[in-house]
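**Student:** So the chains spell out like this:
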Amino acid sequence: MPVPTANAVATLHMGMPAIYAPAADPEYVKREIEKLFARDIEVLSDNRPERQIWTPTSVNPQWGPAPTDFWADELLDWDAGIRVAPPRPSGKLPVTLEYAGGAVPSPTVDPWD
Amino acid sequence: MAGRIPEYPWFSVVEGDDIEQGDILESFPVFLPPNDLAVEESGQPSSTIFKWQKQDLVVMSQSCDLVKGREKVDDILLCAVWRRSELAADENLGKDAGMEDARKGRLPAFHVLAGSTIASFEREVRVVDFRRVHTMPVPMVRRRAQAGKRLRLLPPYREHLSQAFARFFMRVGLPIDIPPFTGRTK
Chain A
880 MPVPTANAVA TLHMGMPAIY APAADPEYVK REIEKLFARD IEVLSDNRPE
930 RQIWTPTSVN PQWGPAPTDF WADELLDWDA GIRVAPPRPS GKLPVTLEYA
980 GGAVPSPTVD PWD
Chain B
12 MAGRIPEYPW FSVVEGDDIE QGDILESFPV FLPPNDLAVE ESGQPSSTIF
62 KWQKQDLVVM SQSCDLVKGR EKVDDILLCA VWRRSELAAD ENLGKDAGME
112 DARKGRLPAF HVLAGSTIAS FEREVRVVDF RRVHTMPVPM VRRRAQAGKR
162 LRLLPPYREH LSQAFARFFM RVGLPIDIPP FTGRTK
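Just so you know, the protein sequences line up as chains A and B, in that order.
For the record, in the first sequence the residue sitting at position 95 is 974 according to this note's numbering, with numbers rising by one throughout.
For the record, in the second sequence the residue sitting at position 118 is 129 according to this note's numbering, with numbers rising by one throughout.
Hints were generated in silico from the structure; no laboratory data involved.
Even glycine gets a Cβ: it sits at the ideal position worked out from N, Cα and C.
Any given hint could turn out to be false.
[Unchecked claim] With a Cα cut of at most 27 Å, we get these calculated DSSO-like pairs of lysine-lysine:
1. K160/B with K79/B
2. K79/B with K65/B
3. K971/A with K65/B
4. K971/A with K62/B
5. K106/B with K65/B
6. K65/B with K160/B
[Unchecked claim] Some chain B residues flagged as far from chain A (calculated, every beta-carbon gap over 10 Å):
7. P20
8. E31
9. F61
10. Q73
11. G80
12. E111
13. R117
14. V144
15. R153
16. I187
17. P190
[Claimed, not checked] Per the computed footprint, the stretches of chain A lying under chain B, defined by three or more beta-carbons under 8 Å from a beta-carbon of chain B, are:
18. 955-967
19. 974-981
Given the sequences, and given the hints that come with them, work out the whole structure.
**Tutor:** Laid out in structure tokens, this is it:
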């Protein structure tokens with residue numbers, strides 16, 4: 880019958896040892912984590928004692944808001960510019976333009992130098 | 012115990028005519044030809060009036076192109092540098108929000124330089140303007156550089172400036188962009 884079967888399944892699950900989680904010995908957990916991360920531990924540049932900062936158990940997770948929808952390119956204002964340049968000391972200079980002929984390229988000795 | 016973070020100063024003070032990328036030339040004369048300048052190839056000299064003004068500039072040419080005696084260029088590429096106080100009336104950079112955008116690189120036409128606290132070379136925060144570029148003959152810049160000491164932007168800030176200029180210069184605007192995928196349109 881369906882009802883007793885369902886009850887039996889529920890009872891079975893309730894009694895599974897895997898669900899039972901007694902409080903672990905903190906020292907044991909710490910030692911195990913230290914062994915696990917022995918090769919990956921970085922001593923942080925922190926003022927706290929090392930034992931307080933070198934295991935993940937001492938790091939409080941910082942949950943931030945979910946990433947928002949944005950496009951990096953839309954954050955950039957490619958058109959921004961200084962419309963009117965700030966005034967600087969200036970003057971006028973009479974010049975005489977002399978035609979020096981067509982420009983010639985500089986000789987290339989070593990193009991990779 | 013972690014070691015102290017090494018100091019990375021933004022500027023040093025240099026003198027002499029060895030020019031490097033990141034050298035800041037203050038009150039350097041730049042010459043502005045008239046808009047209606049007409050040049051004839053007749054061989055006859057012609058006279059006109061150029062406007063000149065004093066401009067703070069930063070060297071953008073690569074240092075390796077400016078090695079004395081082995082220059083790879085005839086002219087030095089320079090960009091205008093404005094003091095922050097000069098930009099008080101600007102619609103973008105005249106506000107803290109605009110300066111913050113520039114500092115974060117959101118205004119690709121600008122690059123913010125830190126202030127200097129070096130004795131006798133105290134300077135406020137300045138902004139490099141990539142839209143205003145000039146070229147000057149190498150000998151002219153060397154002669155001018157000999158006149159006194161100057162600030163030199165140091166690595167990695169110098170390369171940061173150079174990279175920002177490259178990013179601005181290599182920008183590509185597409186005439187027809189792909190429509191955004193934000194809607195259900197196909």
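**Student:** Take the hints in turn and mark each one as holding or not.
**Tutor:** Each hint, compared with the structure:
1. K160/B with K79/B: holds, 18 Å
2. K79/B with K65/B: Judged against 27 Å, a Cα distance of about 26 Å means the pair holds.
3. K971/A with K65/B: holds, 12 Å
4. K971/A with K62/B: Since the Cα atoms of K971/A and K62/B sit roughly 4 Å apart, the hinted pair holds (cutoff 27 Å).
5. K106/B with K65/B: Answer holds: K106/B to K65/B is near 25 Å, not above 27 Å.
6. K65/B with K160/B: holds, 17 Å
7. P20: holds, 21 Å
8. E31: Given a closest Cβ separation of 18 Å, the condition holds.
9. F61: violated, 5 Å
10. Q73: Given a closest Cβ separation of 13 Å, the condition holds.
11. G80: holds, 13 Å
12. E111: For E111/B, whose nearest Cβ neighbour in chain A is about 12 Å away, the distance exceeds 10 Å, so it holds.
13. R117: Nearest chain A Cβ is 5 Å from R117/B, so the label is violated.
14. V144: Non-interface label stands for V144/B: nearest chain A Cβ at 13 Å, farther than 10 Å.
15. R153: For R153/B, whose nearest Cβ neighbour in chain A is about 18 Å away, the distance exceeds 10 Å, so it holds.
16. I187: At about 16 Å from chain A, I187/B clears the 10 Å cut-off, so the statement holds.
17. P190: Correct as stated: the minimum Cβ-Cβ distance to chain A is 13 Å, above 10 Å.
18. 955-967: holds (count 11)
19. 974-981: holds (count 5)
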